[in-house]
Amino acid sequence: MSGVPLIRLTDLHKSYGEGTVVNHVLRGLTLAVGKGEMVAITGASGSGKSTLLNIIGGLDQAYTGEVEVAGLRVMGLADKPLSRYRNRTVGFIFQQFHLLPHLSVVDNVCLPSWFDRSHDTKRQDLRVAATKVLTRVGIGHKADARPNHLSGGERQRVAIARALFNHPEILLCDEPTGALDSQTTETVFDLIVDLNKQDGITVLVVTHERDIARRCPRRVHIVDGRVATDERDGPVVNVVGAQAVTP
Amino acid sequence: MRFIGVIQAVLGNIGRNRRSFVLSSIGLVIGVATLTFFVHLGMGIQVGVLNRIFPVNQIEIEPKTVGIIGLREDVVDKSRLGAGLVREFEALPDVTRVYPKLRSKFQARLWGGQSLFGFPARTEAFFDGLAPDLVADELQRSERVAAKRAKTKLRRPEPCKQDDECRLGEVCDLATSTCGDIEYWKAFADHGMAMPCSDDAQCSEGLTCIVGLCQAACSATACGAGQACVGPTTARVCEETCKTNADCELGESCDVDAGAPSGVSVCRRLACALELPEDQMLEDPVKAKGRLTGRCANGVDPASPACEPLPCPGPSYCAPTSVLVATGYCEAPVPVILSPVLIELFNNAAATSLGMQKIDGLGAMLGVRFQLHLGDSYFAADLPKERQSTKRAEIAGFSQKAMDFGITLPIAYVEALNARYKGRSAAETYDTFILETEGNEDVSKLISAIDGFGMTLARRSEDARKAGDLLFILTVVFSFISLVILFVAGVNIMHTFLTLVTERRHEIGIMRAVGATRGDIRRLFLTEALLLGLFGGVVGNLVSYGATRLVNWLAEKYLSGIPFKPDEFFAYDWRVVVGGIAFACVFCLLGAFIPARRAARLDPAVVLSS
Numbered sequence: 000m001s002g003v004p005l006i007r008l009t010d011l012h013k014s015y016g017e018g019t020v021v022n023h024v025l026r027g028l029t030l031a032v033g034k035g036e037m038v039a040i041t042g043a044s045g046s047g048k049s050t051l052l053n054i055i056g057g058l059d060q061a062y063t064g065e066v067e068v069a070g071l072r073v074m075g076l077a078d079k080p081l082s083r084y085r086n087r088t089v090g091f092i093f094q095q096f097h098l099l100p101h102l103s104v105v106d107n108v109c110l111p112s113w114f115d116r117s118h119d120t121k122r123q124d125l126r127v128a129a130t131k132v133l134t135r136v137g138i139g140h141k142a143d144a145r146p147n148h149l150s151g152g153e154r155q156r157v158a159i160a161r162a163l164f165n166h167p168e169i170l171l172c173d174e175p176t177g178a179l180d181s182q183t184t185e186t187v188f189d190l191i192v193d194l195n196k197q198d199g200i201t202v203l204v205v206t207h208e209r210d211i212a213r214r215c216p217r218r219v220h221i222v223d224g225r226v227a228t229d230e231r232d233g234p235v236v237n238v239v240g241a242q243a244v245t246p
Numbered sequence: 000m001r002f003i004g005v006i007q008a009v010l011g012n013i014g015r016n017r018r019s020f021v022l023s024s025i026g027l028v029i030g031v032a033t034l035t036f037f038v039h040l041g042m043g044i045q046v047g048v049l050n051r052i053f054p055v056n057q058i059e060i061e062p063k064t065v066g067i068i069g070l071r072e073d074v075v076d077k078s079r080l081g082a083g084l085v086r087e088f089e090a091l092p093d094v095t096r097v098y099p100k101l102r103s104k105f106q107a108r109l110w111g112g113q114s115l116f117g118f119p120a121r122t123e124a125f126f127d128g129l130a131p132d133l134v135a136d137e138l139q140r141s142e143r144v145a146a147k148r149a150k151t152k153l154r155r156p157e158p159c160k161q162d163d164e165c166r167l168g169e170v171c172d173l174a175t176s177t178c179g180d181i182e183y184w185k186a187f188a189d190h191g192m193a194m195p196c197s198d199d200a201q202c203s204e205g206l207t208c209i210v211g212l213c214q215a216a217c218s219a220t221a222c223g224a225g226q227a228c229v230g231p232t233t234a235r236v237c238e239e240t241c242k243t244n245a246d247c248e249l250g251e252s253c254d255v256d257a258g259a260p261s262g263v264s265v266c267r268r269l270a271c272a273l274e275l276p277e278d279q280m281l282e283d284p285v286k287a288k289g290r291l292t293g294r295c296a297n298g299v300d301p302a303s304p305a306c307e308p309l310p311c312p313g314p315s316y317c318a319p320t321s322v323l324v325a326t327g328y329c330e331a332p333v334p335v336i337l338s339p340v341l342i343e344l345f346n347n348a349a350a351t352s353l354g355m356q357k358i359d360g361l362g363a364m365l366g367v368r369f370q371l372h373l374g375d376s377y378f379a380a381d382l383p384k385e386r387q388s389t390k391r392a393e394i395a396g397f398s399q400k401a402m403d404f405g406i407t408l409p410i411a412y413v414e415a416l417n418a419r420y421k422g423r424s425a426a427e428t429y430d431t432f433i434l435e436t437e438g439n440e441d442v443s444k445l446i447s448a449i450d451g452f453g454m455t456l457a458r459r460s461e462d463a464r465k466a467g468d469l470l471f472i473l474t475v476v477f478s479f480i481s482l483v484i485l486f487v488a489g490v491n492i493m494h495t496f497l498t499l500v501t502e503r504r505h506e507i508g509i510m511r512a513v514g515a516t517r518g519d520i521r522r523l524f525l526t527e528a529l530l531l532g533l534f535g536g537v538v539g540n541l542v543s544y545g546a547t548r549l550v551n552w553l554a555e556k557y558l559s560g561i562p563f564k565p566d567e568f569f570a571y572d573w574r575v576v577v578g579g580i581a582f583a584c585v586f587c588l589l590g591a592f593i594p595a596r597r598a599a600r601l602d603p604a605v606v607l608s609s
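Read top to bottom, the protein sequences are chains V and P. Here the first sequence is numbered in numbering that gives the first Met the number 0, starting from 0 and rising by one per residue. Here the second sequence is numbered in numbering that gives the first Met the number 0, starting from 0 and rising by one per residue.
If you are wondering where the hints come from, they were derived from the structure by calculation, not from laboratory data. Please note that the accuracy of each hint is not assured.
[What the hints assert, rightly or not] Restraint ranges, calculated between C-beta atoms of paired labels, are given here:
hint	chain 1	residue 1	chain 2	residue 2	range
1	V	T120	P	E502	26 to 36 Å
2	V	A77	P	N551	55 to 65 Å
3	V	V21	P	V577	55 to 65 Å
4	V	V127	P	L541	33 to 43 Å
5	V	V127	P	V483	45 to 55 Å
6	V	A77	P	V605	14 to 24 Å
7	P	L541	V	H148	37 to 47 Å
8	P	V577	V	A77	36 to 46 Å
9	V	T186	P	V21	36 to 46 Å
10	P	V21	V	A43	45 to 55 Å
11	V	A77	P	L497	22 to 32 Å
12	P	G545	V	S117	45 to 55 Å
13	V	R231	P	G11	42 to 52 Å
14	P	L469	V	A77	57 to 67 Å
Where a beta carbon is used, it is the ideal one built from N, C-alpha and C, also for glycine.
All chains should be modelled from the sequences, with the hints used to inform the complete structure.
Written out as structure tokens, the structure is:
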């Protein structure tokens, strides 16, 4: 990793609730992620892992601090450019897959293209592109199936294919294997690792599974809304209260 | 959002929520169906019934009257109600034509209807006259001439030269030389009468009493185009020139006249005689034809005993000049039109009281002949016998413009008869006037203008205005009810869409996560609502169309006996159809607006983590 980080988070604060029952989830979190990194984000329940992912992904705009992704200041973006950012720059993978049950697998994968005004590809070409991505994730043969006819692992592959469809720079995975059995977990995560290694996609994985976290070259542990430890294969750097990691 | 995405998403959504889609469209369908049904009905009644009975561009006016100790008196000087006033009305702005109406001013009786009732019915005769072209359209409609012609076209054409070569009930159409159904409405025209007289005052304007008959006198140059001055030097008259008998009116013959310029033939009324003067009182159609005077079928000298008599030609009959004599002239029967109201009056009151058969439908009465006895009365003193005469009349059709209680003749007949019995001034005093205006514009200006002439709207036109206003109010009321239904449907749609937003909030979150803007989400819901509106609007129109067909069918099946029932109760207008669909869409969009806004404002981070 070198040069300007792809994701730069500075002094993020985020709280839920009002009055006396305010829950401070993020308390001055600062983090930088370089292009092509694969980062596991761990922490106890409610430590703000998913919130962090939502903020990076532009789904959550109610916070203070600064978020800069691929040179774009995400905070305060208007609805249209923010939606375009979600559409083009990041891809989400959720624990519960979040597929649309009434659409076929291939239409689910094409979903981002519905909201992508930048090009006007024909439906047939979109299907071809989607099938290609599905083949890449290993379920090209299930293109016309409905999501509810697929196994959990297959569904998550479809979700990955959807996240990949618009060639995002960053893959945001929120407990991607949380709903899968151990064997499927292995194969799905292999795929995610592969995408990082082969395609150079920057991957952020929120997980509470140690095995998964251990397979990521960099592991960020969040405690009380701050980065407690930031390990990477190699030297351990304690970053509590520190500035961004130096490359 | 790309169009393809919108369509795919919306169709997918409709596909999986078919039931709620159909259920929420029911209100729309009912609303649109009622709206278009009643608007089409209102327009249909306006166009098909009201405008035909009381055309919007025709108003009838009559002199104002004032009540003086229980009697009503005209405000206007009667002598003014003549041709001069017609010209003054014609000069009014917006007025295109003026049709005067003239009532009979003398006593008469009528009897006949043997073929209809089984015995001759008798009654006092009241009649009025109006211009034949005013009612031509209406007569054709009530006789269903278009249907008759269409039926004739379907048959193999039978060539003919004259009527008796065709089957019963058919006549020879000389234009195409083929047989066709009789069209009775054509008879309602001025065929002319031989009008006996003793001085010029007994003749209509422009005619002079020449050798006991009202005729157009001429000097050598004064005849009109297509006419020639004929007759002996003491009684020169203008007559129509002709080449064959077909060029002349019924009862006339195309002959070389002694007084005519050489080589010119003119139409002259055929003189005829009955066997006895009393024969004119009989209904017998054969005796009524009499025999032509001075002509024989075998061409021998008319004075010779070998002369084979010729009857009056075609449908004409021999009309003696008075009840005391047997000699007269061949004439076409006097064409008469009746008001459907009269038939209803007869069916509802007279037929029951008198033990007579009710008349079913108007068609059976067409062509029925009866006799008029002029100058004779059940109520008033008779005229002297030598001034009384009889005429045969034939029913030529039905019109709402005809006299409600009495019979209606072409105005020329009434003018001639009034002149004969009450003098020329009576012939020139009209009773009411029908003013025809340019278009359907507001006639209130015209009404105020005629007020200056001491005239006012006749009861019939006043009724028409009231009926039109009532119809308008009814249409507005029913349209309003339909709009209320649509409004309720809109509220129902709002409820449905609010439920849908809750049901789909997850999907909305997913779509937002993959790049949908708030506008995209709003658009998805509004497009779905629009499609729902289009669906409801189109189906509503189809339902409405089906209902209109059903009503027409039921009316044809069960209301066939009602005179002047229109074939079509509805007037279809694409603007109403489009308007119905537009209303459905608007109410749908209004109903879906708040839910769509709520959907767009959902926080994707919240819905995806819940």
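Against the structure, the hints:
Checking the proposed 26 to 36 Å range against T120 of chain V and E502 of chain P shows it holds: the Cβ atoms sit about 31 Å from each other. Checking the proposed 55 to 65 Å range against A77 of chain V and N551 of chain P shows it holds: the Cβ atoms sit about 59 Å from each other. In this structure, V21 of chain V and V577 of chain P meet the distance hint of 55 to 65 Å, their C-beta atoms being roughly 57 Å apart. The supplied range of 33 to 43 Å is met by V127 of chain V and L541 of chain P, whose beta-carbon atoms lie about 40 Å from each other.
In this structure the supplied range 45 to 55 Å holds for V127 of chain V paired with V483 of chain P, their Cβ-Cβ distance being about 52 Å. Distance hint for A77 of chain V and V605 of chain P: a CB-CB separation of about 20 Å, consistent with the stated range 14 to 24 Å. Separated by about 38 Å at the C-beta atoms, L541 of chain P and H148 of chain V satisfy the suggested range of 37 to 47 Å. At about 38 Å, the beta-carbon gap between V577 of chain P and A77 of chain V stays in the expected band of 36 to 46 Å.
A beta carbon spacing of about 44 Å between T186 of chain V and V21 of chain P agrees with the range 36 to 46 Å that was offered as a hint. Between V21 of chain P and A43 of chain V the CB atoms are about 50 Å apart, so this pair conforms to the stated range of 45 to 55 Å. Between A77 of chain V and L497 of chain P the beta carbons are some 27 Å apart, a value that agrees with the proposed interval 22 to 32 Å. Range check, G545 of chain P to S117 of chain V: about 48 Å between beta-carbon atoms, so the 45 to 55 Å window is met.
For R231 of chain V and G11 of chain P, the Cβ-Cβ distance of about 45 Å falls inside the hinted range of 42 to 52 Å, so the restraint holds. Separated by about 58 Å at the C-beta atoms, L469 of chain P and A77 of chain V satisfy the suggested range of 57 to 67 Å.
Of the numbered hints given earlier, the model fails none.
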